[in-house]
Amino acid sequence: MKLRKVMPAIGIILAFMMLATAGCPRREVERTELILATTTSTADSGLLDVLNPAFEERHPFTVKTIAVGTGEALRLGEQKEADVLLVHARRLEDQFMAAGHGARRLDVMYNDFVIVGPPGDPAGIRGMTAPGPALARVAERQALFASRGDNSGTHVRENSLWQAAGVTPAGAWYISTGQGMGDTLRISSEKQAYTLTDRSTYLAQKDRLELEIMVQGDPGLLNPYGVIEVQGAKNVEGAQAFADFITSPEGQRIIAEFGKDRFGQPLFFPLVHR
Amino acid sequence: MLIVNSLREAFRLLLAVDREILEIAWLSLRVSGTATVISVLLGMPAGVFLALARFPGKAFIIGLVNTGMGLPPVVVGLTVSLLFWRAGPMGFLGIMYTPAVMVLAQVLIALPIVAGLSLAAIQQLSPGLRLQALSLGASRLQTVFLLVREARLPMLAAIMAGFGGVISEVGSVMMVGGNIKGHTRVLTTAMVLETRMGRFEMALALGILLLAMSFTVNAILTSVQQRGARRWTGG
Amino acid sequence: MIELRGVVHRYGARTVLDLPDLEISRGDVLGVLGRNGSGKSTLLRLLGLLEKPVRGQVFYHGRSLEDERSRWAQRRRMAMVFQDPLLFAGSVRSNVAYGLKVRGRGRQEIRSRSDHMLAVLEIEHLAERDAATLSGGEAQRVSLARALATDPEVLFLDEPTTNLDVPARQSFRRDLMGALRALRLTAVYVTHDPAEAIAMCNRLAVIAGGRIVQDAGPLVIWNRPATAEVARLVGLEAPIPGILLGTDAGLARVQADGRSLTVRLPAFPVAPGMAVRLCIRPEHVRIATGPGDTAAPAFSGPVEHIEPQANGVRLTIRCGGMLAAWLDAPSARSLNLRVGDLVHARVDPDDVHVLPEEAALAP
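Chains as they are written, first to last, in the working numbering: chain A, 1 to 274; chain B, 1001 to 1235; chain C, 2001 to 2363.
This is chain A alone, in the form it adopts within the complex (with noise of 0.2 Å):
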C-alpha cells in the first residue's frame, strides 16, 4: 500500500534524472572511462593538466582523476573502483602489491621532500642537510612541528624519518592537522611551526607562506612515485596503455619540462628516461 504510494514519486523522479541527463550529447561513443586514483599533492601539482590530454590524444580513454589521500587511493584500487594509479609511499605500495592487487607497478618519476620552517628558526636547523639529526633537535627544542597525520605519502615518509632519528613525537608541540599538504603549509605558517613537504607543493605557495627551506637534499628526503596497474580492473587496456605512456619518452619528456617556465626549477624529475 505505501509502496504504491510511493512509486509514481519514484518514476517521477527518474523521468527527471534522465530528463537532465539526455541532454548531455556523448560527443565520441568509442571513448572509454579510464579512472585515475592519485594522491592530492600530485592532483594539486598540475602536473596532470598537462599529462593526460596528451595521454588522451593519442588513446582513445578519457581519464577521470580521482584525488585523494594515498590511503583511500589504494583502498579504491583494491575495490577496483579505480583502474590505475599513481601514489608515492613506496612501503604502502608494496604491500599492495604483495596482497596482490596490482598487476604491474613501474617507477614513474620522483621529487623531494624539504623541512620548511619560520624564518625566526627557533630550533636552529637551517641549512643541515640529514634530516635526522634536525627532527632530533626539533623534538628536543620542543619546537612547534606540524604533521599531515593523514597516512599520506607524506605523512608515511615523515613518520619513517622520526623513526630513523629516533624519536617518538607527542606532545603539545607535535600538531597533527589531519588535512592535506597545502591546509597543512598554510596551518604551519600561521603557528610558525616546522613541517615536512614536498617541494612541489611549497614552491606552489611560498608567496603566501611564512616559511622557508630549512633542510634539503638528503637522498632520504627523496620522493618516488609509482604507478599500478589495479589487478581486474575495469579498463585493463586502459590501464596498461597510461603506465606505459607516463613511463615513455613522451611522458617522461612532459614531466621533466612541468614547471619550469612557472618556477624556474622543474617539480618532477623522471626515473626512467632522463
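Treat the hints as calculated values from the structure; they're not laboratory data. Among the hints, a few may not be true.
To be verified - Straight-line Cα separation of at most 20 Å, SDA-like style, residue types lysine to any residue; simulated pairs:
hint, chain 1, residue 1, chain 2, residue 2
1, C, 2101, B, 1082
2, A, 206, B, 1210
3, A, 206, B, 1052
4, A, 206, B, 1082
5, C, 2052, B, 1052
6, C, 2052, C, 2037
To be verified - Listed next, with one range per pair, are the computed distances between beta-carbon atoms:
hint, chain 1, residue 1, chain 2, residue 2, range
7, B, 1093, C, 2111, 49 to 59 Å
8, B, 1072, A, 98, 39 to 49 Å
9, B, 1140, C, 2133, 28 to 38 Å
10, B, 1008, A, 81, 18 to 28 Å
11, A, 265, B, 1086, 27 to 37 Å
12, C, 2105, B, 1037, 31 to 41 Å
13, C, 2122, B, 1030, 49 to 59 Å
As the list claims (entries may be wrong) - Some chain C residues near chain B, calculated using beta-carbon distances under 7 Å:
hint, residue
14, 2016
15, 2048
16, 2052
17, 2053
18, 2054
19, 2075
20, 2322
21, 2326
22, 2330
Heads up, the beta-carbon is just placed ideally off N, CA and C, and yes, glycines get one too.
Position chains B and C against the provided structure of chain A, taking the given hints into account.
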C-alpha cells in the same frame, strides 16, 4: 559487500568506545552546541523583532537574512580565516585554529538560519493573535512573549535547524579549526580525514555517532518543549 | 464614555474611515452594520486602541489618549472578541485566565474569577481541555469568557458568530446577550447580519464606504432606512418608483403603479411632483387573491417569482416595480399560489417608507 562490511565494522568500532573518538565527539558537541546557543540568543530576538517591527529597509534586511540561511560554510570559513589569519585584521587575537574561532564561524552559519526561521515562525501566526493579546491588556513585551510561545514548535524547529546545520558542516571548521588532532578535530573533519585515508569503516562509524548525537540532542529539545507545553496547560 | 472626533484613517492613499463625530455612551450596545470592506472592523480597532487614526482623536472619559502608556492603561479596561476565537495554546482555563495573568493578579483571584466566568458561560466542564480540541462554538464561548474575565467596562465584538453553525450561533448569541445584560456592559458589536444586529443591539450604526450613513434605533433602521444603501443592507432590494402628489397633516399622497396611496410623511423635505421610491418590508405586506376585502388594495399584479423559505414563502409581485411579500406557511398553503397568478397586496400607510429618488438610485 563493502557497505555491509563497513556497517558491521562501524558498529564494532562504536562499541569499542575509543577515548579519542569520545573526545572528538565531545568537542563537536561543545563547539556546535555553543554556536547554537549563541545563535539562538542573538537570532531569535532578531527574528522576532524583524517579524513584528516596522521600519524602512525591513524588506531588504529580511532578504539578507534569507540569503544568509543558504551561506555555504566554505565561504564563512574562508572569510573568517582571512580575518583571523596572523596577517589578517583580527590576527592579533591569536585565536586561529582554536575552538573559539570555530564557534565564531559556526555562529555565522547558524545565526541567519535561526533568525530566518524565527522570523517565519512568527509571521505564520494569525495576525489577529497579536491584536487579541493586546486587547486583553497585555503589554507589548507580554504580547511578544505570547507570540513566541504560540510559535514555539516552529521556533524549536529553528533551533534544531541551526544545530543540525552546524553539527554536520565540515567546510568552515576544517578551514578555521585546521582539524588539529586533540585540539580542533571534530566529528565531521575526522570523517573527511578517515575517508581520505581509506578507512571507510571508521568514517562510517563517526557518521553514525554524529547522527546518534544529533538525534539525542533533538530528542532532548523536543521533550523539553513537551514538558513546557504541559506546564502551561497545567496553568 | 467614548468619543471619536474628526477621525480619518487611511491605509496608504486609501481612506478607509471618515467619522466626523461618534459618541458611545455607557450602556450602549451599539451594532455596527456594514458590508465587507466598509470600514467596520477598522472602526473597532480604532476604538480598541489597537491602531491610531491618521487624523482626529479618540477620547475615553473625556481624555484623548495619545501616549502608548495611557492607551495601554485604557486597553486594560476593555476586551475584544474577534471573528476567530484566537485561543492560545494551553488549556481552556489558562486561556480564560490570560487577561488576569498579564495584569499580575494573585493566583487565588485568577482561579476564582476564571472559574466564575467558566460557570457563567456554562463551560466549567471544558476547563481542563486543551483549547486546540474545542468545537467552533465552544472555542468562541471560551474566547468570550476570556474577554469577560477581565471585568471590562466595554466589550468589542467583531463578527463573533460568522464562523459558527446555526445552532452554535443561536446559543452563543443568547448567552452573550445574557452576559451583556447581567454585567450591564457597554458593547460595540460589528456584524454584517441585520437580523443579528436587531436582536443584539439597542442602537445601530450603518457604515458604508468608511462613513456612518445612519445611526438610530435598530427597528428604525430596519423599517426606515435613510438611504438606498441602508435599505439594501437591511434586505429591501428593489424599491418601487412613485410620484409624490401632496402632503396633508403628517401624511403624504403618493402615486405608484397607477394608484394613489396615503403614506407617512417622509423625513426629508418634499415638494409635489418629486420622484420617490417606496420601501416596504416583505413581512408588512398582506396578500389576497380576490377583491373580498373592504379596504382598497395598494398594489395588484401577477406573481413573478416564488421562493420557498424555511418558515414560509417569499413572493415577488410585479406592480410598477418589484414588490417582495412574505407568506407564513399556513397562508401559503391555503392560497396555493403559482407564478402568473394575480394577487392583491395591502400595506398600512405607516409601513410604507419613502426615500427620495436620487438617494434610491445612488449606488
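*Per the CB criterion, is residue 2075 of chain C less than 7 Å away from chain B?*
6 Å, holds
*Starting from residue 206 of chain A, check that the Cα of residue 1082 of chain B is at most 20 Å away, please.*
17 Å, holds
*Using the C-beta atoms of residue 1072 of chain B and residue 98 of chain A, is the stated range 39 to 49 Å upheld?*
43 Å, holds
_chain B contact restraint for residue 2322 of chain C - C-beta distance below 7 Å_ = 41 Å, violated
_Interface restraint verdict for residue 2048 of chain C against chain B (beta-carbon cut-off 7 Å)_ = 5 Å, holds
*Measuring from beta carbon to beta carbon, are residue 265 of chain A and residue 1086 of chain B in 27 to 37 Å?*
Since residue 265 of chain A and residue 1086 of chain B have Cβ atoms about 29 Å apart, the given range 27 to 37 Å holds.
_Taking 28 to 38 Å as the stated bounds, is the beta-carbon spacing between residue 1140 of chain B and residue 2133 of chain C within them?_
Given about 30 Å between the Cβ atoms, the range holds.
*Range hint 49 to 59 Å: satisfied by the CB atoms of residue 1093 of chain B and residue 2111 of chain C?*
56 Å, holds
*Mind checking the CB of residue 2016 of chain C against every CB in chain B and telling me if the closest is under 7 Å?*
16 Å, violated
_Looking only at beta-carbon atoms, does the pair residue 2105 of chain C, residue 1037 of chain B fall within the given range of 31 to 41 Å?_
Hint holds: Cβ distance 34 Å, inside 31 to 41 Å.
*Please work out if residue 2052 of chain C and residue 2037 of chain C have their alpha carbons no farther apart than 20 Å.*
The hint holds at about 18 Å.
*Taken at face value, is the distance from the CA of residue 1210 of chain B to the CA of residue 206 of chain A at most 20 Å?*
With a Cα-Cα distance of about 37 Å, the restraint between residue 206 of chain A and residue 1210 of chain B is violated, given a limit of 20 Å.
Comparing the model with each earlier hint shows violations of hints 1, 2, 3, 14, 16, 17, 18, 20, 21 and 22; every other hint is respected.
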